[in-house]
Amino acid sequence: MAGQLKEVRNRIKSVQSTQQITKAMKMISAAKLRKAQDAIIQMRPYAKKLQEMLSNIVSNAEGGSNIKLAEERNVEKVLLIVITSDRGLCGGYNSNIVKLAKSTIAEKYEAQFKKGNVTIWNIGKKGWESMTRNGFKTDAAFKDIFLQLNFENVQTAAQAAMKAFENKEFDAVEIVYSEFRNAATQRFVSEKFLPIPKVENKSNNKKSDFIFEPEKDALIAELMPKILNTQLYKAVLDANASEHGARMTAMDKASDNANELLKSLKISYNRARQAAITTELTEIVSGAAALQG
Amino acid sequence: MTLEILTPEKKLYSGEVYGVQLPGISGLFEVLNQHAPLVSALKKGNLKILKDNKNNFQNYSIQSGFVEVLNNKVTVLVEGAIEA
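Sequences listed follow chains A and B, in order. Per the numbering used here: the first sequence = residues 1 to 293. Per the numbering used here: the second sequence = residues 294 to 377.
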């Protein structure tokens, strides 16, 4: 009996200390999430203005423009940029992204995959570990972007992708990442990065007599890479916020579960204690009765 | 006129100014009050804000980017800038 009591007491202790850790991790994630969300909000005016500028130029320009980055080719070689996190303990976050990457390959690029023409650039350690283990052709050049997350580092990755596309090393580039909705929900998406979809000329745009410097086509060609840089940066920021959101939710659930576990452990502890007391009492009473007898 | 400097990481500057000097892709130029609508690419260089018509300047060294002038509002989009 006493042995069982001690066992339960030890378990209670260990569950309590685990709960302390999960609670602390939840608090940390909440703080990091706020920072990550902030970064997204800070970026929005820039991204919005860039898009505005593009549509302004396009609505003022006549005829299509010939841009290398928008060139549609026969898709033979594919690049997937898969953004996961560097750390675990965030529920199904990483495995869901890896799963989406795999299903994207299976659904859209199976023929290319069979020829070994699907390359994966991983951003984030977890996805890289898992996909390398599963025999995908991975490249870890940009794995560590989350160690120091700033625009410059992301830009390097985006530019490398554009260069490879221009040099026909890849015919299509997609980003697989998790879009941030709110702390509890993420949407896992696979987004087209290159070639750039044709820009629609929305003619309802007010025409202003802009002075263009250099001329429109050259300006569009200058603008495109910036927009792509921003697109990848947005994806990375979204992924970062999603990671912290996912971890916060996971840790919250873990703390709740620990509470429940503690409750049931306490009941069995009390029961065992009461049983021990009852047995002892019975022994004393029956012993006394035997003496008197 | 109002000037806004935006980078992907944050809004760097926002306010009323007298004028601004920009490193345009084909040469340095200056935008003053009531400038005609303009879109221009910028190259890496020095951006100089003229806060008033006295000698009150503020300098930023910027990476490449764009500037748009419309309705007396100047928006500068750059990928990175540091106050110099």
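Read the hints as simulated data drawn from the structure, not as lab findings. Here the structure is a predicted model, which means the values were calculated and not measured. It is possible that part of the hints are untrue.
What the hints assert, rightly or not - On the chain A side, residues computed to face chain B include the following (Cβ under 10 Å): (1) P45; (2) N56; (3) K125; (4) E152; (5) V154; (6) A157; (7) A160; (8) D209; (9) L219; (10) L223.
To be verified - Straight-line C-alpha distance at most 27 Å; calculated DSS-like pairs for lysine-lysine: (11) K344/B to K49/A; (12) K26/A to K163/A; (13) K347/B to K49/A; (14) K336/B to K216/A; (15) K13/A to K253/A; (16) K163/A to K337/B; (17) K143/A to K303/B; (18) K23/A to K49/A.
Positions of the beta carbon are idealized from the N, C-alpha and C atoms, including for glycine.
Outcome of the hint check:
no. : hint             : in the structure
1   : P45              : holds, 5 Å
2   : N56              : holds, 7 Å
3   : K125             : violated, 24 Å
4   : E152             : holds, 7 Å
5   : V154             : holds, 9 Å
6   : A157             : violated, 14 Å
7   : A160             : violated, 16 Å
8   : D209             : holds, 6 Å
9   : L219             : holds, 6 Å
10  : L223             : holds, 7 Å
11  : K344/B to K49/A  : holds, 24 Å
12  : K26/A to K163/A  : violated, 40 Å
13  : K347/B to K49/A  : violated, 31 Å
14  : K336/B to K216/A : holds, 17 Å
15  : K13/A to K253/A  : holds, 19 Å
16  : K163/A to K337/B : holds, 20 Å
17  : K143/A to K303/B : holds, 25 Å
18  : K23/A to K49/A   : violated, 40 Å
Violated hints, in rising order: 3, 6, 7, 12, 13 and 18; the structure is consistent with all others.
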